[in-house]
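A.B. asks: In case you want the letters, here they are:
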Amino acid sequence: MEKSTERFPLAHVFGFVLSLVLTFVAAWVALEMNLSFTIVMWIIGSLAIIQAGLQLFMFMHMTEGEDGKVNIINIAFMVFCAVVIVVGSIWVLTSGHAAH
Amino acid sequence: MSANVNTSLPLEYQTEQNRMNILGFWIFLGAEIVLFATLFSVYGVLYKNYAGGPTHQDIFMIKEVMIQTVLLLTSSFTMGVAIWEMRRNNKKGLIGWFILTLLLGAGFLFMEINEFIHYVHEGATMQTSAFLSSLFVLLGTHGAHVTFGIFWATMVIIQIAKRGLTPVTARKTFIIGLYWHFLDVVWIFIFTFVYLKGMVL
Amino acid sequence: MEVTIVGIKWDEILITGDPIILGSQIAILLTSLGIIGGLTYLKKWKWLWREWITTVDHKRIGIMYIVAAVLMFFRGGMDGLMMKAQTSRPEMSLLDAQHYNEVFTAHGVIMILFMAMPFLIGLMNVVIPLQIGARDVAFPQLNALSFWLFFSGAMLFNIAFVVGGAPDAGWTSYFPLAGKEYSPGIGNNYYAISLQIAGLGTLMTGINFIVTILKMRTKGMTLMRMPMFTWTTLIMSVIIVAAFPIFTVALALMTFDRLYGTHFFTVAAGGSDMLWANLFWLWGHPEVYIVVLPAFGMFSEIFSTFSRKQLYGYKSMVVSIVAIAVLSMVVWVHHFYTMGSGALVNSFFSITTMMIAVPTGVKMFNWLFTMRKGRIKMTTAMLWSLAFVPNFVIGGVTGVMLAMGAADYQYHNTLFLVAHFHYVLIPGVVFAVFAGLYYWWPKMFGFMLNEKLGKWHFWLFVIGFNVTFMPMFFLGLNGAVRRAYTFSAESGFAPLFLLSAIGSVILAAGFAVFCYNIYWSIRYADRNISSDPWDARTLEWATASPVQHYNFAKLPEVKSLDAFWYMKKNNEGLALKDEEIEEIHMPSNSGLPFLMCVAFGIVGFFLIFEWHLLAAISAVLIIAGLIYRSFDYNDGYHIHKDEIKKTEGAWRKMEGKVNNHVS
Chain A
1 MEKSTERFPL AHVFGFVLSL VLTFVAAWVA LEMNLSFTIV MWIIGSLAII
51 QAGLQLFMFM HMTEGEDGKV NIINIAFMVF CAVVIVVGSI WVLTSGHAAH
Chain B
1 MSANVNTSLP LEYQTEQNRM NILGFWIFLG AEIVLFATLF SVYGVLYKNY
51 AGGPTHQDIF MIKEVMIQTV LLLTSSFTMG VAIWEMRRNN KKGLIGWFIL
101 TLLLGAGFLF MEINEFIHYV HEGATMQTSA FLSSLFVLLG THGAHVTFGI
151 FWATMVIIQI AKRGLTPVTA RKTFIIGLYW HFLDVVWIFI FTFVYLKGMV
201 L
Chain C
1 MEVTIVGIKW DEILITGDPI ILGSQIAILL TSLGIIGGLT YLKKWKWLWR
51 EWITTVDHKR IGIMYIVAAV LMFFRGGMDG LMMKAQTSRP EMSLLDAQHY
101 NEVFTAHGVI MILFMAMPFL IGLMNVVIPL QIGARDVAFP QLNALSFWLF
151 FSGAMLFNIA FVVGGAPDAG WTSYFPLAGK EYSPGIGNNY YAISLQIAGL
201 GTLMTGINFI VTILKMRTKG MTLMRMPMFT WTTLIMSVII VAAFPIFTVA
251 LALMTFDRLY GTHFFTVAAG GSDMLWANLF WLWGHPEVYI VVLPAFGMFS
301 EIFSTFSRKQ LYGYKSMVVS IVAIAVLSMV VWVHHFYTMG SGALVNSFFS
351 ITTMMIAVPT GVKMFNWLFT MRKGRIKMTT AMLWSLAFVP NFVIGGVTGV
401 MLAMGAADYQ YHNTLFLVAH FHYVLIPGVV FAVFAGLYYW WPKMFGFMLN
451 EKLGKWHFWL FVIGFNVTFM PMFFLGLNGA VRRAYTFSAE SGFAPLFLLS
501 AIGSVILAAG FAVFCYNIYW SIRYADRNIS SDPWDARTLE WATASPVQHY
551 NFAKLPEVKS LDAFWYMKKN NEGLALKDEE IEEIHMPSNS GLPFLMCVAF
601 GIVGFFLIFE WHLLAAISAV LIIAGLIYRS FDYNDGYHIH KDEIKKTEGA
651 WRKMEGKVNN HVS
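Chains as they are written, first to last, in our numbering: chain A, 1 to 100; chain B, 1 to 201; chain C, 1 to 663.
None of these hints come from the bench; they were simulated from the model. Predicted model only: the values in this text are computed from it and were never measured. Just so it is clear, CB atoms sit at the ideal spot from N, CA and C, and this is done for glycine as well. Wrong hints could be hidden among the right ones.
What follows is a set of in silico ranges between Cβ atoms, one per label pair, in the way DEER data are often shown [what the hints assert, rightly or not]:
| no. | chain 1 | residue 1 | chain 2 | residue 2 | range |
| --- | --- | --- | --- | --- | --- |
| 1 | C | A509 | B | G140 | 47 to 55 Å |
| 2 | B | I158 | C | V400 | 55 to 63 Å |
| 3 | C | I622 | B | D58 | 48 to 56 Å |
| 4 | C | M355 | B | G140 | 56 to 64 Å |
Incomplete in silico selection of chain C near chain A, CB under 8 Å [as the list claims (entries may be wrong)]:
| no. | residue |
| --- | --- |
| 5 | L275 |
| 6 | N278 |
| 7 | G340 |
| 8 | G636 |
The whole structure should be built from the sequences, with the hints applied where relevant.
C.D. replies: Shown next as C-alpha cells:
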C-alpha cells in the first residue's frame with residue numbers, strides 16, 4: 001500500500017459504477033421480470049453478496065495494512081456468525097411445532 | 001510513542017497507536033455485522049406476521065427506495081474520493097468531498113424520515129404488527145447509525161479545519177470513512193432482502 | 001399504603017410494606033452515609049478521585065473489577081442461601097413465590113454477569129499486559145469506560161429490589177412472562193436496561209484485548225510463545241465481539257416491547273416468544289464459554305507453575321480453544337430442545353453439543369500430562385486446580401447426558417440441569433478465580449494471602465459445594481423441578497433438599513473464611529516478600545510486587561515459551577543497566593469514564609421508570625461526553641528517567657533480603 005499518485009481514483013469509480021449496475025439489475029430482475037420467487041431471491045441474493053464483497057475490498061481496502069490478514073479472519077468469522085444467526089434462527093423457528 | 005513511525009505509509013497508518021485504532025475499529029465493525037445480522041434474523045422470522053394490518057406491498061414506495069439507494073451509494077463513493085484526496089494531502093479536497101458525502105447522507109435520511117411518516121399515515125406503526133415492529137427497528141437502527149455518523153463526521157471536519165491534516169486527524173477521518181462505507185454495505189442487504197423481497201412476495 | 005408526593009407514587013418506587021426490604025433500604029442508606037462520612041473524615045476524596053476513579057491503569061482497573069466481583073459474590077451467595085433455606089423443608093414460608101422468583105433471578109444475573117465476568121475480566125486486566133511485556137492495554141481510557149459502564153449497570157440492577165421492584169422472570173427472562181402483559185411493573189425493565197449498559201462495557205473490553213494481544217506483544221513473543229492465559233483471553237475476546245451484539249439487540253427488542261408497545265416477543269399481533277429464547281441463547285451459550293475459557297487459561301498457568309513443568313501439548317491447547325470458540329456459536333438450541341423445533345433441528349444441535357465436549361477433554365488430558373513427572377507444589381492455588389479436574393468432569397459428563405435431545409426431555413428444567421451447570425460453572429469458573437486470586441495476589445498487592453486459611457477456605461468450600469449440589473442430580477432424576485419455591489412432604493424430596501441446604505451452610509462458611517483471609521492478610525501478612533514468590537514461569541513475575549506504575553523499565557525480549565523461566569535459567573534480561581533506562585510515555589488519567597457512568601446511570605434510571613421525556617433530555621449528557629472525547633487531544637505525559645531509576649533501584653535491591661514464603 002503506497003501513497004496514491006494517480007490523477008483520479010479510477011478504482012473507486014469502477015467500484016461505484018459496478019455497484020450501481022448490480023443494484024439496478026437486481027431491481028429489474030425483481031420488479032420487471034416474471035420469474036418465480038425462489039429464482040428471484042437466489043439471483044438478487046447473489047448480486048447483493050457480490051456487491052458487498054466488492055465494496056469491502058474496493059472501497060474499504062479490507063486487506064490493507066500490516067493487519068490485513070487479521071481483518072480478513074475477523075470479518076470472515078463474523079460473516080460466518082452472521083450466517084449462523086440468520087439461517088439458524090429462521091430454521092429453528094420455522095421447524096416442527098415452533099412454526100405457528 | 002515516537003517510536004514506530006513509518007513515514008512511507010499513508011498518514012493515518014503512520015503511528016503504532018493509529019494502526020491499533022484502525023484495527024480496533026475493524027473489529028468493532030465485525031461486532032456491527034453481528035448486530036445487524038441479528039436484526040435481519042428477527043426480520044426474517046417475523047416479516048410475514050402482518051396481524052391483519054398493512055403488508056409490504058401496501059406501504060413500500062419503490063421509486064423513493066431506489067433514490068435513497070443511489071444517494072447512499074453515491075455518498076459512499078464520495079467518501080472514498082475524500083479519503084483519496086486525504087492521501088494526496090489535499091485538505092481542501094478532503095473537506096469538500098467529505099461535506100458532499102454528508103449532504104448526500106442527509107438527503108438519504110430526509111427521504112427515510114418521509115418514508116416513515118408515510119407509513120404512519122397509512123396506519124402502519126411499529127405497534128401495529130410484528131412485521132412492522134421488525135421493519136421499523138431494522139430500518140431505524142440503520143438510519144440511527146447514519147444520523148450518528150453525520151454528527152460524528154461534522155466534528156471530525158471541524159478538527160481537520162482547525163488542526164489541519166495530522167496523523168491523528170487523518171486516522172479519525174479514515175475510521176469514519178470505514179464506518180460510512182460499512183453502512184452502505186448494510187443497506188445493500190436491506191435493499192435486497194427487505195424492499196425487493198417484499199415486493200416479490 | 002399509597003404515598004403520592006409531587007405527583008410521583010413514592011410507594012411504588014420505594015418498596016414499602018416488607019420488613020426485610022425495609023431493613024435493606026435502611027442498611028443501604030446507612031452504609032452509603034458511612035462511606036461518605038468516612039471519606040470526608042479521613043480527607044480521602046482527592047485520593048479516591050486521583051488514584052482510583054480517574055485511573056486508566058489496567059492494574060488499578062483490574063483491582064476495582066475484582067473488589068466489585070467479591071462484593072457481588074456476597075450478594076449472589078446470600079440469594080443462594082435464601083433459596084436453600086426456603087427449600088430446606090417442605091412447605092416453608094420464608095420466601096413466598098414472588099420473592100423466591102426475585103431471588104433466583106438476582107442470583108443468576110449477579111453470579112454470571114456481576115461476579116464471574118468482572119472477576120475474570122479483573123484478573124485479565126491485571127495480568128495480560130504484564131504477561132505480554134506491555135505497559136498497558138491498547139485503549140486505556142476505553143478500558144476505564146468498560147469498568148465504569150459495568151459499575152453503572154451493576155448499581156442499577158442492585159437497587160431494583162428496594163427502588164421500584166426487582167426483576168422476577170429468571171436470569172433468562174423468558175417471554176411471555178417477561179413481557180408487559182404478565183409483568184406489568186418496572187422490575188423487568190431493570191433487567192433490560194442495566195444489562196444493556198453493562199454489556200456495552202464488556203463489548204469494549206473484548207475489542208480492547210484483541211488489539212492489545214495482537215499488537216502490543218513485546219519483541220520475540222510470537223503467538224505461539226504466548227502464555228496460555230493470554231491465548232484464552234484472546235479467543236474469549238473474539239467470542240465476546242461475536243456474541244454480545246446479539247444480546248444488545250435482544251435486550252433492545254425487549255425494551256421496545258415493554259416500553260414502546262412493539263410486538264417482537266408478544267404473541268398478539270404476530271410476535272414470537274420463542275424468538276426471545278432463541279436470541280437469548282444465541283448469546284447465552286457463547287457467554288458460558290466466555291467465562292470458562294479464561295478460567296481454563298488460569299488453570300494452565302497454575303498447573304504449569306506448580307508442577308514446575310512446561311504446559312503439555314501447547315499446540316493442541318491452542319487448537320482446542322479455537323475449536324471451542326467456533327463450536328460455541330452452533331450449539332445454542334440445546335437450551336430449549338423441548339420448545340418444539342422438532343427432531344431434525346434437535347438432532348443437529350445434539351451432535352454439535354456432543355462435539356464441543358471433545359476439545360475440553362483434550363485440555364483435561366493436557367493438564368494431567370503437565371503434572372505427570374512434575375514436582376508438584378500443593379499451594380492453595382494448586383489445590384483449587386486439582387479439585388477442578390474431577391468436579392468439572394462430573395459437570396461435563398452430565399452435560400453430555402443433557403446434550404442428547406431425546407434424553408433431555410426427561411432432564412430439562414429439573415434440578416438435574418441445575419446441578420449440571422453448577423458443576424461446570426463453580427469448578428470451572430469459581431475455583432479458577434479463587435486460584436487466580438491466591439496466585440496473583442502477591443503481584444497485585446505486595447503480600448500474600450495466608451496459605452493456612454486458604455486451605456480451610458478450600459476444603460470448606462469444595463466439600464460444601466459437593467454436599468450442596470450432588471443431591472440435586474438425584475432430586476432432579478426423581479422429578480424435582482427448578483425455580484420452584486417449595487415442595488410437598490409427600491414428594492419424598494425432603495431428605496435430599498435438607499442435605500443440600502446443610503451443604504450450602506458449609507459453602508457459606510468457606511466463603512466466610514475467604515473474607516477473613518483477606519482481612520487477616522491485609523492486617524498481618526508479611527510485606528517483605530519476593531517479587532517472584534512462586535518461582536513462576538511467565539513475564540508478569542519479572543516486575544516488582546506490587547507492580548511499578550509503568551510495568552517494565554525496559555521492555556523484555558522473549559526467546560521462548562515460558563519467557564521468564566527462560567530468563568531465569570539462562571540469566572538473561574533480568575538485570576537493568578542505567579543506560580537502558582529511557583523516558584516512558586504514559587496515558588493521562590481521565591474523569592470522563594466515570595462521568596459517562598453517571599450519565600448512563602441517569603438515562604437508564606429514567607428509562608426503567610418509563611419517564612421518557614426525562615430520559616431523552618438526559619441522553620444529552622451522553623452525547624456531550626462523546627463530543628468532549630472527540631475533541632480531547634491530551635496525549636499523556638512522560639515519566640522521567642530519575643523517577644524510573646529510583647523505583648527500579650528500590651525493588652531490585654530488595655531481592656536478596658526477602659522472605660521466601662513458599663516452603
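A.B. asks: Hints first: check each against the structure and report whether it holds.
C.D. replies: Evaluation of the provided hints:
The hinted range of 47 to 55 Å is satisfied by C/A509 and B/G140, whose Cβ atoms lie roughly 53 Å apart. At about 59 Å, the beta-carbon gap between B/I158 and C/V400 stays in the expected band of 55 to 63 Å. The given range of 48 to 56 Å is broken by C/I622 and B/D58, whose C-beta atoms sit roughly 37 Å from each other. Here the CB-CB span from C/M355 to B/G140 is close to 39 Å, at odds with the stated 56 to 64 Å.
Taking 8 Å as the C-beta cut-off, the interface hint given for C/L275 holds, the closest approach to chain A being about 6 Å. Nearest Cβ of chain A to the Cβ of C/N278: about 5 Å, under the 8 Å cut. The hint holds. The restraint placing C/G340 at the interface with chain A holds, with a minimum CB-CB distance near 4 Å, inside the 8 Å limit. Residue-level restraint check for C/G636 is violated (minimum Cβ-Cβ distance to chain A is 23 Å; threshold 8 Å).
When held up to the earlier numbered hints, the structure conflicts with 3, 4, 8 and fits the remainder.
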